[in-house]
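Q: Residues per chain, in single letters:
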Amino acid sequence: MAHMGTAGKPGGKESGGGLRYPTNGKTIYHRPLNRSRTSELSQASFAYLFSEMVAYAQKRVTGIQDLEKRLNVQGHPIGLKLLDLLLIREPARTQTRPLNIIALLHFIKGNVWQHLFGRQANEVQRSSNAETPDEYMIIDNEPVVNAYISVPREMSQLNCAAFVAGIVEGVCDGAAFPARVTAHTVGGKEDGEMWPGKTVFLVKFQPEVLEREALLGKG
Amino acid sequence: MSYYFAIIGTQDNPLFEHEFGTSKQGGDGQARFSEHTRHLNQFILHSSLDIAEEAQWTTGQLYLKAIDKFFNNYVSCFVTAGNIKFLLLHQPLNPTAGAAAGTSSTRNSTSIAANPTSPQTEEAVKNFFNEVYENYVKAVMSPFYKLNMEIKSPVFRARVAAAGRKYL
Chain A
1 MAHMGTAGKP GGKESGGGLR YPTNGKTIYH RPLNRSRTSE LSQASFAYLF
51 SEMVAYAQKR VTGIQDLEKR LNVQGHPIGL KLLDLLLIRE PARTQTRPLN
101 IIALLHFIKG NVWQHLFGRQ ANEVQRSSNA ETPDEYMIID NEPVVNAYIS
151 VPREMSQLNC AAFVAGIVEG VCDGAAFPAR VTAHTVGGKE DGEMWPGKTV
201 FLVKFQPEVL EREALLGKG
Chain B
1 MSYYFAIIGT QDNPLFEHEF GTSKQGGDGQ ARFSEHTRHL NQFILHSSLD
51 IAEEAQWTTG QLYLKAIDKF FNNYVSCFVT AGNIKFLLLH QPLNPTAGAA
101 AGTSSTRNST SIAANPTSPQ TEEAVKNFFN EVYENYVKAV MSPFYKLNME
151 IKSPVFRARV AAAGRKYL
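Sequence lines, in order, name chains A and B.
Here the first sequence is numbered in full-length UniProt numbering, starting from 1 and rising by one per residue.
Here the second sequence is numbered in full-length UniProt numbering, starting from 1 and rising by one per residue.
The shape of chain A in the complex, shown without the other chains:
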C-alpha cells in the first residue's frame, strides 16, 4: 500500500513518520485566519447539508430526545473551535476573555450569531423564575437552520436548532462556563403569533459557575 501511495504521487514529498505535505507546500498554517468577507455560504447548500445531518442523526435513534442529543453533539466541537477563532479576529484592544455570564452571553448573541447567521440573536433574557437563577435564554425569532424544516405533527417536540444549541454549549464549555443548552420552540402556540418559528435556547449553567460568579462579584 505504502509503495503504491508514493508511486501514485511522484511530486509529493515524503518525510519520516509517514506524514505527507501537499505538493504546493501549503499547509493549514499558511492560510490566513481573517477571511470573513468572502466566506459566506449559500443558504441552499447549507440547508441541503443540514438536512443530511438531521437524517444521519435520525438513524438508529430511539426517540426525539435522543435525536436532539445527537444534533447537540454534532454542534459541540464547532462551538469549542469558534470561541478561539472569533476572539482572535477581534481587534487587539478588545481581545478579552469573557469573565462573567453577561459578557459571555453578549459574545454569543453578537459575535457567534453574526459569524454563523449574518445577524445578531434577537434577545438575551434571564429566567424570570426565582427558583432557577442559573437559567438564561437566548431568543432567535426565526433560526436559519429551521428555514426549510417542517416538523411532522407526531414529532412536534423536536426542534432541529438543537444543533445550534450544541454550538452554544460548546462555546460556554470552552470558555469555562459549563452549561447545558437546549432548544425549544415557543412560537405558534396561539394563532396570530408573529414569529411561528421562534426558538428559545435555554442555557442552564452548572452550579459552580454561579458560585464563581458570586465570588468574583464580591472581590
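Be careful, since some hints might not be right.
Below are the PhoX-like pairs computed for lysine-lysine, each with C-alpha atoms no more than 25 Å apart in a straight line [what the hints assert, rightly or not]:
id	chain 1	residue 1	chain 2	residue 2
1	A	LYS198	A	LYS69
2	B	LYS166	B	LYS24
3	A	LYS59	A	LYS69
4	A	LYS204	A	LYS218
5	A	LYS69	A	LYS204
6	A	LYS26	B	LYS146
7	B	LYS126	B	LYS166
8	B	LYS65	B	LYS24
9	A	LYS26	B	LYS166
10	A	LYS69	A	LYS109
11	A	LYS26	B	LYS152
12	A	LYS69	B	LYS146
Partner residues aside, some chain B positions facing chain A, computed with beta carbon under 7 Å [claimed, not checked]:
id	residue
13	TRP57
14	ALA81
15	VAL140
No lab work stands behind these hints: they were computed from the structure.
Ideal Cβ placement from N, Cα and C applies to all residues, glycine included.
Please build the complex by placing chain B on the supplied structure of chain A, with the hints as guidance.
A: Leaving out everything else, chain B in the frame of chain A:
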C-alpha cells in the same frame, strides 16, 4: 537565557513542548539548562498552573505576564479563550554559568535575556505568545483536531521556533 515553552490543555495535560534559547545579542538559539536541573522545568511550569487559574479570573486579558518565580526561573502565562494555557519558563544565565561563558553575561546585562521582569521582556514575550496563539488557532481549525489533542505537526513546531527566534 534559556526558554522552555509548553501548551497545557484544559485537563492540565501537556499538548506541546519546546525548548530553545535566546537568539538576541548573538545568542545561538540553543537552550542552556544545566543537566541536573533540566528535568525540573516541567515541574516548575506545571506547578504555576494553580496561580494561572487564579490570575485568569482577575483580568480579561489573554496575556497574564510573569505570574510565578522559582529561584532563577520565571514563568509567563497566556490563557486562550478556550482555556488553553501557554506557559513560558525563562531562565536567565545564572552567575556561575555566566562566568563559565566568559564575557557574554556582562555584555547582556541590559538586554531582554538578563532582565526577565523588564517591560521590554514583557512586550517580547507578549509578541511571542500572540504569534503562537495565531498558529494554535490554525491548528485548532483543522477538522481532524479535537480539543486537548497533542499537537504533533512539524510545521507548527517550526512556526513556534521561528517566533522564538524573532522575539526572544
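Q: Taken at face value, is the distance from the CA of A:LYS218 to the CA of A:LYS204 at most 25 Å?
A: Within the cut-off at roughly 22 Å; holds.
Q: For the pair we were handed, A:LYS69 and A:LYS109, check the Cα-Cα distance against 25 Å.
A: holds, 22 Å
Q: Can you confirm whether the C-alpha distance between B:LYS126 and B:LYS166 stays at or below 25 Å?
A: Judged against 25 Å, a Cα distance of about 12 Å means the pair holds.
Q: Between A:LYS26 and B:LYS152, is the straight-line Cα distance small enough, at 25 Å or below?
A: holds, 17 Å
Q: Hint check: B:LYS166 vs B:LYS24, CA-CA at most 25 Å. Holds or violated?
A: Between B:LYS166 and B:LYS24 the Cα gap is close to 9 Å, so the pair holds against 25 Å.
Q: Has the given pair, A:LYS26 with B:LYS166, been kept, meaning a C-alpha gap of at most 25 Å?
A: holds, 22 Å
Q: Would you settle whether the hint for B:ALA81 is holds or violated, based on the nearest Cβ-Cβ distance to chain A being less than 7 Å?
A: holds, 4 Å
Q: Compare the distance between the alpha carbons of B:LYS65 and B:LYS24 with 25 Å, and conclude whether the hinted pair is satisfied.
A: Given that 25 Å is the threshold and the Cα spacing comes to 20 Å, the pair holds.
Q: Would you mind confirming whether the straight-line C-alpha gap from A:LYS69 to A:LYS204 stays at or under 25 Å?
A: holds, 15 Å
Q: Against chain A, run the beta carbon of B:TRP57 and see if the smallest gap drops under 7 Å.
A: Hint on B:TRP57: holds, closest Cβ of chain A at ~6 Å, below 7 Å.
Q: When you check the alpha-carbon spacing of A:LYS198 and A:LYS69, does it fall within 25 Å?
A: holds, 20 Å
Q: For the hint on B:VAL140, does the least C-beta distance to chain A fall short of 7 Å?
A: holds, 5 Å
The structure shown violates none of the earlier numbered hints.
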